[in-house]
Amino acid sequence: MADAPPTEEGWFAVHDFREIDWEQWRNAPERRRDAALDEVTTFLSDAEDIGEGETAIFTVAGHEADILILHLRPTLDEVERLGRAFERTAFGSFTARTNSFVSVTEIGGYTSPEYFEDPEEVDAGLRRYLETKKRPSIPEDGYVTFYPMAKRRDPEYNWFETPMEERAEMMAEHGETGKSYAGTVTQVVTSAFGLDDWEWGVTLFATDAVALKDIVYEMRFDEATAKYGEFGSFFVGRRFPVDDLDAFMAA
Amino acid sequence: MADAPPTEEGWFAVHDFREIDWEQWRNAPERRRDAALDEVTTFLSDAEDIGEGETAIFTVAGHEADILILHLRPTLDEVERLGRAFERTAFGSFTARTNSFVSVTEIGGYTSPEYFEDPEEVDAGLRRYLETKKRPSIPEDGYVTFYPMAKRRDPEYNWFETPMEERAEMMAEHGETGKSYAGTVTQVVTSAFGLDDWEWGVTLFATDAVALKDIVYEMRFDEATAKYGEFGSFFVGRRFPVDDLDAFMAA
Amino acid sequence: MADAPPTEEGWFAVHDFREIDWEQWRNAPERRRDAALDEVTTFLSDAEDIGEGETAIFTVAGHEADILILHLRPTLDEVERLGRAFERTAFGSFTARTNSFVSVTEIGGYTSPEYFEDPEEVDAGLRRYLETKKRPSIPEDGYVTFYPMAKRRDPEYNWFETPMEERAEMMAEHGETGKSYAGTVTQVVTSAFGLDDWEWGVTLFATDAVALKDIVYEMRFDEATAKYGEFGSFFVGRRFPVDDLDAFMAA
Amino acid sequence: MADAPPTEEGWFAVHDFREIDWEQWRNAPERRRDAALDEVTTFLSDAEDIGEGETAIFTVAGHEADILILHLRPTLDEVERLGRAFERTAFGSFTARTNSFVSVTEIGGYTSPEYFEDPEEVDAGLRRYLETKKRPSIPEDGYVTFYPMAKRRDPEYNWFETPMEERAEMMAEHGETGKSYAGTVTQVVTSAFGLDDWEWGVTLFATDAVALKDIVYEMRFDEATAKYGEFGSFFVGRRFPVDDLDAFMAA
Amino acid sequence: MADAPPTEEGWFAVHDFREIDWEQWRNAPERRRDAALDEVTTFLSDAEDIGEGETAIFTVAGHEADILILHLRPTLDEVERLGRAFERTAFGSFTARTNSFVSVTEIGGYTSPEYFEDPEEVDAGLRRYLETKKRPSIPEDGYVTFYPMAKRRDPEYNWFETPMEERAEMMAEHGETGKSYAGTVTQVVTSAFGLDDWEWGVTLFATDAVALKDIVYEMRFDEATAKYGEFGSFFVGRRFPVDDLDAFMAA
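Protein sequences appear in the order of chains F, B, X, C and E.
First residue of the first sequence? That's 1 in my numbering, and the numbers climb one at a time after it.
First residue of the second sequence? That's 252 in my numbering, and the numbers climb one at a time after it.
First residue of the third sequence? That's 503 in my numbering, and the numbers climb one at a time after it.
First residue of the fourth sequence? That's 754 in my numbering, and the numbers climb one at a time after it.
First residue of the fifth sequence? That's 1005 in my numbering, and the numbers climb one at a time after it.
What the hints contain is simulated information worked out from the structure, not anything from laboratory work.
These numbers were taken from a predicted model, which means no experiment stands behind them.
C-beta: ideal position from N, C-alpha, C; glycine also.
There may be inaccurate statements among the hints.
Just some of the chain C residues that point at chain X, by a computed CB distance under 10 Å [said to hold, decoys possible]: (1) Asn780; (2) Phe796; (3) Asp799; (4) Tyr882; (5) Ser890; (6) Glu893; (7) Tyr900; (8) Gly982; (9) Gly985.
In isolation and in its complexed conformation, chain F is listed as follows (with noise of 0.2 Å):
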């Protein structure tokens, strides 16, 4: 038996990805669509300004959304809650649920053996940068790509059968890889284990969309993903301040 390794949770997510009823929309009163664009933009406002958390609004490129709404909160009741809250104000009611994914962020026991063996020897860098992986903040402005995964577990390539050491030199290799984009590129990794179809969910930021493609790119040579990556489906979009909402829905 291959070893778990330890992980330590912050804070939930939830990604709720919408498309627009385009149609519905511009048949609408203007003003119930004032109403439901005040009624809504409060309530992101609010949900951005709330004290343990962070709520962004993103543009989705292409057909399968046109809007993501990423809430992270530090209970899976309060992002299951914001969730059904969108849902219900009068602008919900313009948009259709296309896709989701429930998880929690975290920090794995691959990246910092030495927080997991005695966290209080850590130097105080260190915490900070595994604070930002509980608790992360997302960058005000750029673009954004997400993305879930899995492990195989095939005969020849098994990760959950390959023994730890192999797992964290390959999770290392890997981590070099994403270090080259320091500054470039940031990413929050959640776990979705018995919360949602896959095992994690990858989300990248950037100020450069072609840094996006690059990572990923580059990544997918890595040895932890050429070998053992499973994805599912891409979507790429870009934060927009709560208050530019009225401005895309007339654009």
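Assemble chains B, X, C and E onto chain F, guided by the hints.
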């Protein structure tokens, strides 16, 4: 030929996943909504108070469903009828079935071979434990995770061609992982051979949502899972009292 | 090249799965519902009383369908026409087709090679038994399970490259498992090569729903299934008399 | 590198599968239905009588479609235009496209290498036979089966890495099976590389529906199929004269 | 670890597939249709005449879409905005998005390693050729085929574990096949890592529809494809001038 282990069946189960048409609900006259809530609350309360069996309602996070209604009853007829009866309440017309799972609780031969060899000889404690597998009670409060699963039948990982003894050893290891969550996570395993598209359903209950993630992650490293487990969609949510349905719909 | 075993075909079959639009039904005027029930009950009764062939209606548990209508007839034209005729009744307009399976009953060469070698020589008992495979009668009451299946053609598990003798041995073992359920479970096997997406359909009947689970579970360990069987969706339900359709719709 | 065999293309084909909205049809005023039938019958008759090419209409059994309209024409533009033109008739508005297949007839190099080496040298009989592959005529009456297929490219079963000679041998064996159905089953093979999701489409015609089942079953044991064949959905139905469309819609 | 080849990106692309609601179109008042055509024709003409980038509209054969609108622009924001803007025209409300592909043009390191080693040294001809890969122009007329693809990562066929040199050799062989279609087929390759569900998109242009079939068939035998290529859906159609949209809608 490998041997099929003995099993003993208990209650039939239907996991009934539904999404709510919030727009239709919002647009319905208050009187109609109140009447619908009265009727369905009575329906569910009566179902919960039934002599033999269990009924419970849960929120579901994410876009695949809003609520899960779980019925456990001595016969397939009863669970089939309860699903249809819910569908036909006025409240049901504000919902659409997005998924379901038809199965039957069982005591599996791997866990307690002595029970199948000589049921009279097993002690009262084990007997009570096995009884809860056939007629489980659903915790009053807390989180739930449901997922369907099957065992692989590939050339190198073929559960159904593996000798009984090896399967029993793997299930024992798997059981050890489960026991380490005793008091934290309760599980109900139901069999769906000949009843639904997967071989088994697993329903987990916990008061700590992270524990649901932890147990599923840790078990992924058990040989029985790492090599032989195939999984369908995962659904996570939380039980709520039937009397809170109006609050849920108003939230 | 492996040999295709001889077969002899009987009736064509269509398994017609439908869901009911309960809301539309509830909202329809009583007069229209009564007329629809009268018409469809007559249609189904007439179909049941047909000279050659069988027609039966079943409830279906779970979200994939509410009812199954099974037609068996000497020609493909007749089963195609019956499906269309049901669709076109007033009752049919309250339903939507969610699935179907087009196939033809057969006597397979594995089970009774002597019949194919010299049909005149087989005794009357076997002849009657084989006759029921071509022109099966549907039990008046009890549960039903339907599932489509195919045989694998993978490098290590390739049914169609396996020598005839080995296939016959596996089918004989498989037949033994079936015989141990004689009197408990009745099975109808239909071939769908060139007619539908899977290779065969299996329809099982039993007065005990657990027996349906048991036989499918036990057979999963037969070599013919463990190594070569691929399965589609499983549907479970119960036959009811055509005259109870009004009670079903009122329940 | 294995060699691509030579091919010679003939007519383009579109298989246009449609379901009928029977409720909408039933509810339409008789005048509108009559006008729709007149228009579409004329459209299809004209299409059938076209100088070069073929058009035919078929019933389809099962839930995936009600009718199939097959167009064969010298150019892709014509088949694309015919599909769109049908869609745009008044009758078309009572139908919805559920599936389609865009492909082109071909003479494959496996069957007649001598033709590709020196077309002048082949005798008139073979020339006429090959001509029917490029410009097939659709039998006036009888059953039809359509299915799309591809050849596997797996490590052990890789058609496109198999030497030309071995492929030719397998295709010859496969052709022998086909020849044993000469006079019973007619086949039209069309290529869909770069045109649709599968590599080839196979359309079989027979006056005996069981023969369609038999040939597909028997061919499953041919090495070319047992090891290399991958199949999509199968559709079965029956051709009917355009003038019977009103009877079909009234039935 | 295998090396990721260098790449250089050009324009972003969105392939926007849409089906037309012909019934809604037919039922709309002529004035509304005329206004919708005027607006969208202006929109598309303006988009075609844009300073940097390309926009083109194509028919699509088969049931998966009626039209394809292809936008190429220097930024992801522009292609995302163009897709949304089309959706929001009055004409857009007669269409529904059935598919899309978000990607970015690239010069791949396999084809021109010398360019990546010393871009200053490559001659003007190669430079112009590479420039067309980053900023391709869409042929005025002719057929188009689009399909998404990925490279396999299976134990025996793992592109991303194959040494750079072997990949380069296979890509060179693949390029030779492409060159034999020079003047007949033009191809645009776009990368979708981190942007969409597949790894690359291939858009082929030709004035002869059979050439599209031929090149895809012949390339299937190239080692890079036979062993490593995985393909999504194929779409085939034909470009038409924006000014012919009214004829297309009237046809």
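*Does C/Asn780 pass the interface check with chain X, least Cβ-Cβ distance below 10 Å?*
9 Å, holds
*Are C/Gly982 and chain X close enough, Cβ to Cβ, to be under 10 Å, as the hint says?*
8 Å, holds
*Hey, does the C/Glu893 contact hint survive, CB to chain X under 10 Å?*
This interface hint is violated because 16 Å lies over the 10 Å limit.
*Taking 10 Å as the limit, does the beta-carbon of C/Gly985 come near enough to a beta-carbon in chain X?*
At about 8 Å, which falls below the 10 Å cut-off, the nearest Cβ of chain X leaves the hint on C/Gly985 intact, so it holds.
_Interface hint compliance - C/Tyr882 to chain X, C-beta minimum distance less than 10 Å_ = This interface hint is violated because 23 Å lies over the 10 Å limit.
_Hint status (Cβ of C/Asp799 to nearest Cβ of chain X, threshold 10 Å)_ = 26 Å, violated
*Is the shortest C-beta separation between C/Phe796 and chain X less than 10 Å?*
Since chain X brings no Cβ nearer than about 22 Å to C/Phe796, farther than 10 Å, the hint is violated.
*Restraint check, 10 Å cut-off on beta carbons, for C/Ser890 near chain X*: 21 Å, violated
*asked:* Is the interface hint satisfied for C/Tyr900? The criterion is a beta-carbon contact with chain X at less than 10 Å.
replied: Given a least distance of 8 Å, the restraint on C/Tyr900 holds.
Of the numbered hints stated above, those contradicted by the structure are hints 2, 3, 4, 5 and 6, listed in ascending order.
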